[in-house]
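Starting from the known structure of chain A, arrange chains B, C and D with the ligands on it as the hints suggest.
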Amino acid sequence: MTRLRPTVAEIVEQTLALYEDLDFSYVRAWKSKSTSRRAVGFMPVYMPREIIHAAGMLPVGVMGGGDRLDIIKGDAYFQSYLCHIPRSTIELALSHRLDSLDGMVFPSICDVIRNLSGMWKLLFPEKMARYLDFPQNFDPALGGRFYRQELESLRSALSELNALPPQDSALTHSICLFNKNRRLVKALYDLRASKPWLVPTYEAYLLLRAGNILDVEEHTQLLEDYLVRVESEPRKPMDNIRVIVVGSFCEQPPLGLILTLERAGCYIVDDDFVLASRWITADISKTGDPLEALVEAYLKNSTFHSSKFEGSTPKWRHLIEQVKARQADGVVFAAPSFCDPALLDQPQYEKGLEEAGIAHTTFKYAENTGQFQNIREQIGTFSDSLKLWSEAP
Amino acid sequence: MGYTLGIDLGSTTTKAILLDANDRIVGRGLTNTRSNYEVATAVAESEAKINAHFTFLKEAVDSSPKLSSQAAPLLNNLENRFHLVQHLHRVNRLRRQCLFEAAADRLLPHQPRLTTVLNALFDQIHERAERSFSTADVDRSRFFRDIVGSEYMALAEEQSRESSIALDLLMGLYDKSILVEENQVLDLSFVEAIQQAVEAAGESETLTRVQQKALREVVEEAASQTLEVDNMVGTGYGRQRLPFRKDQIRSEILCHGLGAHYFFPGTRTVLDIGGQDTKAIQVDSQGIVTSFQMNDRCAAGCGRYLGYIADELNLGLHQLGPLALQAKRPVRITSTCTVFAGAELRERLSMGDAREDILDGLHRAIILRAMSLLARSGGITDEFTFTGGVAKNPAAVRALTRLVEENYGTMKINIHPDSIFTGAVGAALYARHTQGGIA
Amino acid sequence: MTTPPAARPPEIHKEPSMLLQKNMLADYFTRVSKAREEGKKIAYTFVPGNLTELLHAFDVVPVYPEINALQNGMRKRSAKFILDAEKIGHSEDVCTYVKADLGMLLNGNVGPTGEIIPEPDILLLSYTGCFTFMKWFEILKQHYPKAEVVMLQVPYQGEGTPTPAMREYIVRQLRESVIPAFERISGHRFEEDRLREQLRRSAEAEEGLVFALQSARRRPSPIDAYFGGVYYIGPMFTAFRGTPECVDYYDTLREEIQNRIDAHAGPITPEGPMAEEKYRLIVEGPPNWTHFREFWKLFYDEGAVVVASTYTKVGGLYDQGFRHNPDDPLGTLADYCMGCYTNLNLPTRVELIEKYIRDFEADGFLINSIKSCNSFSSGQLLILRELERRTGKPGGFFESDLVDPRYFSAANIKNRLESYLQMLDQRRSQAVA
Amino acid sequence: MILTAGIDVGASSVKIAVLEYGTKNAGSPHRAIYLAGERFHKRDPKLVIRGCFESALRACDLSEDDFAYIASTGEGDLISFRRGHFYGMTTHARGAQFLFPSTRSVLDIGALHARAMRVDERSKVLQYQMTGQCASGSGQFLENIARYLGVGLEEVGPLSMRARRPEIVSGICAVLAETDVINMVSRGVETADILRGIHESIGGRLVRLLRAIKAESPVTITGGLARDTGLMAVLREKLSSEGTPLEIQTHDHSALAGALGAALWAGFRHERLAA
Ligand SMILES: Nc1ncnc2c1ncn2[C@@H]1O[C@H](COP(=O)(O)OP(=O)(O)O)[C@@H](O)[C@H]1O
Ligand SMILES: Nc1ncnc2c1ncn2[C@@H]1O[C@H](COP(=O)(O)OP(=O)(O)O)[C@@H](O)[C@H]1O
Ligand code: SF4
Ligand code: SF4
Ligand code: SF4
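Residue numbers (my numbering), protein chains in the order written: chain A, 1 to 393; chain B, 394 to 832; chain C, 833 to 1265; chain D, 1266 to 1540.
It is possible that some hints are incorrect.
[Said to hold, decoys possible] List of simulated lysine-lysine pairs, BS3-like, C-alpha gap at most 30 Å:
1) D:K1479 x A:K387
2) A:K351 x D:K1479
3) D:K1479 x C:K973
4) D:K1389 x A:K315
5) A:K195 x D:K1389
6) B:K785 x D:K1311
7) D:K1503 x A:K387
8) D:K1503 x A:K315
9) A:K315 x C:K912
10) A:K324 x C:K973
11) A:K315 x C:K973
12) C:K1110 x A:K351
13) D:K1307 x A:K351
14) C:K912 x D:K1479
15) A:K324 x C:K919
16) A:K127 x C:K1187
17) B:K639 x C:K1110
18) A:K387 x D:K1389
19) D:K1311 x C:K919
20) C:K919 x A:K351
21) A:K351 x C:K846
22) A:K315 x C:K978
23) B:K805 x C:K1225
24) C:K908 x A:K127
25) C:K978 x D:K1479
26) A:K315 x C:K919
27) D:K1389 x A:K351
28) C:K919 x D:K1289
29) A:K236 x D:K1503
30) D:K1311 x B:K721
31) A:K300 x C:K978
32) C:K908 x D:K1479
33) C:K1129 x A:K324
34) A:K300 x C:K1187
35) C:K1129 x B:K639
36) A:K351 x C:K1225
37) C:K919 x A:K387
38) D:K1307 x B:K721
Derived from the structure by calculation, the hints contain no laboratory data.
So that you can see chain A by itself, here it is in the shape it has in the complex (with noise of 0.2 Å):
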């Protein structure tokens, strides 16, 4: 049977749609088709969603509510000194928004999302809350060791969820359907930084969202019709900047923050939103022992990151390969207000850019921040400085 590839802008509007679906119809609609099938939301930043999908289960990311949700209850458990996605997401629960959600995986990623996990045992104790841990010791012998106890344990919770026992060969097949997923991922970031003006970020951007509810084949076949389809769209280079955002690992810049950084003249060739679909950085491997496999992964091929312990390469000397690999201009430090890992570690990424003669600028955002202005301004001031200035007065 021929399939018609959708248009680019058919995908933009079908990713649009996934994305700005709070209720997440999409899940109940997947779910609706067999009593057996089963959901389960996990947070950022990252997650094995192999695991999920090997037991016969749509893993689905949960983001916040970005900029379209109001916040009515969600407050009335989180101070204002905390950043806001964690309210976001309780109030999509309260709101009756993640019933399709069978259950929530709760990654280690800061203390916000680790108290989160209890806090979803207490409101809904009917409700299958994990949280789940990983090694910041990278010995095989140790943190390896406890990973998979970890990841053993995660996999027993969800088999309770619809009694079917883990078997290790769907696990592998997980694991081939996934690392194709990533490779296509890896396509769209290549194609972007290569010809920036072909693939704005705002489309490449929703593009990774949709991951985050599509099951992984229908992903799979979407970046594929966008990369086979967007190729020919005729689109012009401008004289914009190449930069690299950082920093957006968990709670996400709304959609105007990322049109607006574009519009101040930047081309973002590289950056760490929706980061789960890039956390592993290379094929995992489709022989031995599946769940050995993403224990490996993780230790030795997973990205550098502001929740892992950077061990023996301080983080920064990762970011300025990542500047020269990607030929950026300059690095956009654009952080969650409030989030102690993003911010703690960026003046140690300044330091370091400084010392190598990158140029950087730095901003807060909130998901649901509604007024760009400044960052208007401060962005639109760092292209003019790094494109003016060619022969200025």
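Below, chains B, C and D with the ligands without anything else, positioned relative to chain A:
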């Protein structure tokens, strides 16, 4: 027979309530808070007493066979006249103060011209007051400062155009003088003012000689009633600085809870949006507070936010809500900060958005903040009472009603016409009931 | 109103144990400052889940950046330090302990007592219950390139109980990476018996601490378990656990409290002895250090006594039965690390406070929510509601910060405390009527 | 020589600069021939901007067509008759360096925002930092306070310098400040001490901004608050006593630096486009 007095020294307004021995409200006093809390308290108290005198007067007129037929217009007229007398008195004081400021050394070169301009300006204020106070509906929620301020501003603009005296200079004089004026207690007694009012009323009304005499008699009688205050309790933002004993001071949270219970015994949740703070309070069946939340020191969630916006638009506070109700395509306001919202408002206006549509968004913004506070205090339980100055604003009420319905379901929402006095009522109740030692 | 310069503030009341502790602390800072001269190695490490006994077993001198920050906060030095850290690019939003520490470093690492704190040889990243610790040492590592980071990851009790896998993970890390690293750096071989000896003394002192904490069950309570409590935990949670001085300290403390019990006396506060115990409260969350005395006085003025607090459990839940066990040295360290208060998940924290409210017959509970500390603070509003629902006791909520004076508003807190206590009064009188 | 105009639309006022721009060929220096600002005072900004621009035309006896390039900066969206737009910091940096060629850092303090920039000798912005979305400590904040105290804006500076015992305040809301100020007045705190306290607190924030960008000396102050001599005094004091000393300088035309910068960039851009 003794009365109790409750004073709620709010950040924007100071409220006083007089309760009689049966806990009936006989007097209400309202004034704007100013730098001198004692003055604010004294003014509110005297306003409450004046109001009580009018209450007595009304009773006397109603029961006087000679006057009862014309009671309503007569009293209304009398009250307007009374306030005009007070108002003009203050206008004159303000005029003197402005002239005095204009004589400052650094202004000497301008002084002759300034004097002329100021006198012309105040003559007009005077005239306008005569006119506006005689037409029946004066908006009493606007204080001296606001009424005179906006007139002064408009007239000063005119004058500065005509006379080449800088607007900033004229406004500066006003800003200085109003502060001085406001920090004085009114040196005009009820008796003096009411007599002048009666004179004026006598001249204008078609009263028979007999009626005029009867009027004088009831007025005299009402004026001579003494208001023995047995005990008083102060509450509110500035309570710590009230010249009261410690046991005469109660937290505004408690007073609000009790006051809301007084008006609506079924109340379980109270939302109070005042000038500088917003409180969400849960009370039990006795009006005793069980939990509460207050906002941070940020104007974005309270009445001052709307006040600031009203200033930006050169509107009176009371005009804001009705305008917002006419919104057709509500605008979502993106700034949180009041000052930034003001800038956003101006920007949007000049981009062509309608005033009412923006206003609707601004009202919604403040109510959204209140919703979050309510949630933090424990949600909303039937019956729900909305108090504070902002409860007078119909657009705020509408936004609240909608959001409550959407998020907590249908329930009874109470708003009392005297709701701004809720805290003062609570305080007056405490004043009565702590006397017997039931603290 | 201003105080005339002649009028000195009233004499601060200090108990003998407090004076003793003050001396211990002074000695300690001197010891730290001299460590390098004496050829000793220095490890920086964190309070919750600290391995003090193990460090002592290697003759390594522990330095606790948190304690430095706290002490600097109490001595009103932190404000400047925090600003200095913000000047080099640290955000206003992040934990102020970190910034206070960095600020001190930027100002020559002169410690709270005026003595210089030497650079670390080891950054012992044994961290319990807080992610910021990890960031903190990543930052310090940039400043001290010569120091070696030794990682001991302590898993969080996400599901409410420590699992054998977690315990095994810690024990293995201790055995296979922490201890070898210490042997290498300190040049001393690991002697298990030395560690056992330390642990034995730890357990002994722990009995004393528990006696103090439990004494608050009496009416009137002879102690304040929050403001006073932070002193009582001082030696136990830091450099003294496992030492003979520590045992002595708790003996002194026990005697002092016993005397007050016998005399039916209330706690001693800096303002003088507490007159009448009008309210018995439980407090969750750390105190504010920059206005510690002011904060305490607000309670003192109202006759409010704190009978139990969670902050006094950040270095272990001894009152719930945990004791260091010399017979299983590494296992007991693992249990200790995992059991610290901020490593408990929220449901467990709620249960613990609920238990305190009942066991200590509290009239209500207060939460002091600390801006710095996501580990403590995130979720506290739910804790509040959950406790109110379960116990029917009203809760009060304050916000302040540990060492950043910008976030302490005495007027605000006073207002809230007063309102809260009046509310308690009202409910009490209603209950009587 | 060509004519350019720069229009800086701020939160509280519009500023216009008309420039005789000395092109490369002509080699003549740039010369400002008209500089003015006007406050919106609650009027429709668009009308004020237009009116202000027309006054400029009248004063210089020019028509719109005489300009080679009209550039906007700030909220330039409000200007329909511009040819190009430059971002605020780009223009303030340029303007500041025009006023003081030695400028190495710029601190622009306007009605709602403050921003600090470090610039190189070609007025390229190397690093910068801005204040956030709370108006506490902004120009508008100061203006409100002055109003509550019944003090004219131009008196604020001189008064503050007369303070003897500054009343330290921190982080108070720009709108609610009214009551805080009222409280202070009622406690008998002198107006001068209140103002100085506020200057101290604003100054502290500004110093932090400058330190955050590792500002270098000399720092040129631009924006309306450059006129506030009291604030300048506080800044001078703080910058000479805390950390590496920084020298600050203000110019009579500091408030117009943005407009000037825009007009300068306008000329630069025009030449590039023409080339
Ligand atoms: N007539 C009115 N119409 C609409 N809003 C009003 C009116 N009067 C007062 N308000 C609002 O109420 C606020 C003052 O409320 P109030 O309860 O008196 O405050 P406080 O007790 O803090 O002084 C004002 O800031 C204003 O927003
Ligand atoms: N003489 C003065 N003394 C003190 N402040 C002043 C003076 N003149 C103007 N200002 C301040 O300058 C601010 C306006 O600065 P400006 O740079 O024009 O702002 P914007 O560009 O944002 O409109 C006003 O808020 C006012 O507080
Ligand atoms: S935004 Fe930052 S602080 Fe908030 S939950 Fe995410 S990682 Fe944690
Ligand atoms: S976040 Fe809390 S536990 Fe962590 S370092 Fe800061 S104060 Fe300590
Ligand atoms: S955000 Fe605006 S309204 Fe809120 S405190 Fe700051 S200045 Fe005041």
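A quick look at each hint next to the structure:
1. With a CA separation close to 22 Å, the supplied pair K1479 of chain D and K387 of chain A stays within the 30 Å bound.
2. Using a Cα cut-off of 30 Å, the hinted pair K351 of chain A and K1479 of chain D holds, with the two alpha carbons roughly 12 Å apart.
3. Using a Cα cut-off of 30 Å, the hinted pair K1479 of chain D and K973 of chain C holds, with the two alpha carbons roughly 23 Å apart.
4. Between K1389 of chain D and K315 of chain A, the direct Cα distance comes to roughly 29 Å. Compliance with the 30 Å bound is thereby established for this hinted pair.
5. Proximity of K195 of chain A to K1389 of chain D is assessed by CA-CA distance (about 27 Å); at most 30 Å being required, the pair is judged to hold.
6. For a cut-off of 30 Å, the pair hint linking K785 of chain B to K1311 of chain D is broken: about 34 Å separates their Cα positions.
7. For the suggested pair K1503 of chain D and K387 of chain A, the alpha carbons sit about 35 Å apart, so the restraint of at most 30 Å is broken.
8. Using a Cα cut-off of 30 Å, the hinted pair K1503 of chain D and K315 of chain A is violated, with the two alpha carbons roughly 35 Å apart.
9. A distance of roughly 28 Å separates the Cα atoms of K315 of chain A and K912 of chain C; the hinted pair therefore holds under the 30 Å criterion.
10. Taking the CA atoms of K324 of chain A and K973 of chain C, the gap is about 25 Å. The hint holds against a cut of 30 Å.
11. Using a Cα cut-off of 30 Å, the hinted pair K315 of chain A and K973 of chain C holds, with the two alpha carbons roughly 12 Å apart.
12. Taking the CA atoms of K1110 of chain C and K351 of chain A, the gap is near 54 Å; set against the 30 Å cutoff, the hint is violated.
13. Our distance criterion of 30 Å between C-alpha atoms is broken by K1307 of chain D and K351 of chain A, whose separation comes to about 44 Å.
14. At most 30 Å may separate the alpha-carbon atoms for a hinted pair to count; K912 of chain C and K1479 of chain D meet this at roughly 18 Å.
15. Among the hinted pairs, K324 of chain A with K919 of chain C is consistent with the structure: their alpha-carbon atoms are about 28 Å apart, no more than 30 Å.
16. For the hint pairing K127 of chain A with K1187 of chain C, the CA-to-CA distance comes to about 26 Å; that is within 30 Å, so the pair holds.
17. About 17 Å separates the Cα atoms of K639 of chain B and K1110 of chain C, which keeps this hinted pair within 30 Å; it holds.
18. With a C-alpha separation of about 10 Å, the suggested pairing of K387 of chain A with K1389 of chain D holds against the 30 Å cut-off.
19. With a CA separation close to 39 Å, the supplied pair K1311 of chain D and K919 of chain C exceeds the 30 Å bound.
20. Taking the CA atoms of K919 of chain C and K351 of chain A, the gap is near 13 Å; set against the 30 Å cutoff, the hint holds.
21. Of the supplied pair hints, the one linking K351 of chain A and K846 of chain C is violated, its CA atoms being roughly 46 Å apart against a limit of 30 Å.
22. Between the alpha carbons of K315 of chain A and K978 of chain C the distance comes to roughly 18 Å, so the proposed pair stays at or under 30 Å and holds.
23. Straight-line distance between C-alpha atoms of K805 of chain B and K1225 of chain C comes to about 27 Å, which keeps the hinted pair within the 30 Å bound.
24. As the CA atoms of K908 of chain C and K127 of chain A are separated by approximately 47 Å, the hinted pair breaks the 30 Å bound.
25. With a C-alpha separation of about 27 Å, the suggested pair K978 of chain C and K1479 of chain D falls inside the 30 Å cut-off, and the hint holds.
26. The suggested pairing of K315 of chain A with K919 of chain C holds, with an alpha-carbon distance near 21 Å, which does not exceed 30 Å.
27. Of the supplied pair hints, the one linking K1389 of chain D and K351 of chain A holds, its CA atoms being roughly 20 Å apart against a limit of 30 Å.
28. Our distance criterion of 30 Å between C-alpha atoms is broken by K919 of chain C and K1289 of chain D, whose separation comes to about 41 Å.
29. Taken as a hint, the K236 of chain A and K1503 of chain D pair is broken in the structure, with Cα atoms around 50 Å apart against an allowance of 30 Å.
30. The suggested pairing of K1311 of chain D with K721 of chain B holds, with an alpha-carbon distance near 24 Å, which does not exceed 30 Å.
31. About 26 Å separates the Cα atoms of K300 of chain A and K978 of chain C, which keeps this hinted pair within 30 Å; it holds.
32. Annotation: proposed proximity of K908 of chain C to K1479 of chain D holds, straight-line Cα distance about 26 Å (limit 30 Å).
33. Only pairs whose Cα atoms come within 30 Å are accepted, and K1129 of chain C paired with K324 of chain A is rejected, the gap being roughly 58 Å.
34. The straight-line distance between the Cα atoms of K300 of chain A and K1187 of chain C is roughly 45 Å, outside the 30 Å bound, and the hint therefore fails.
35. Of the pairs offered as hints, the one joining K1129 of chain C and K639 of chain B holds, with about 18 Å between alpha carbons and a cut-off of 30 Å not exceeded.
36. For the suggested pair K351 of chain A and K1225 of chain C, the alpha carbons sit about 51 Å apart, so the restraint of at most 30 Å is broken.
37. Between the alpha carbons of K919 of chain C and K387 of chain A the distance comes to roughly 28 Å, so the proposed pair stays at or under 30 Å and holds.
38. Pair hint K1307 of chain D plus K721 of chain B holds up; C-alpha atoms about 24 Å apart against a cutoff of 30 Å.
Violation of the numbered hints given earlier is confined to hints 6, 7, 8, 12, 13, 19, 21, 24, 28, 29, 33, 34 and 36; the remaining hints are satisfied by the structure.
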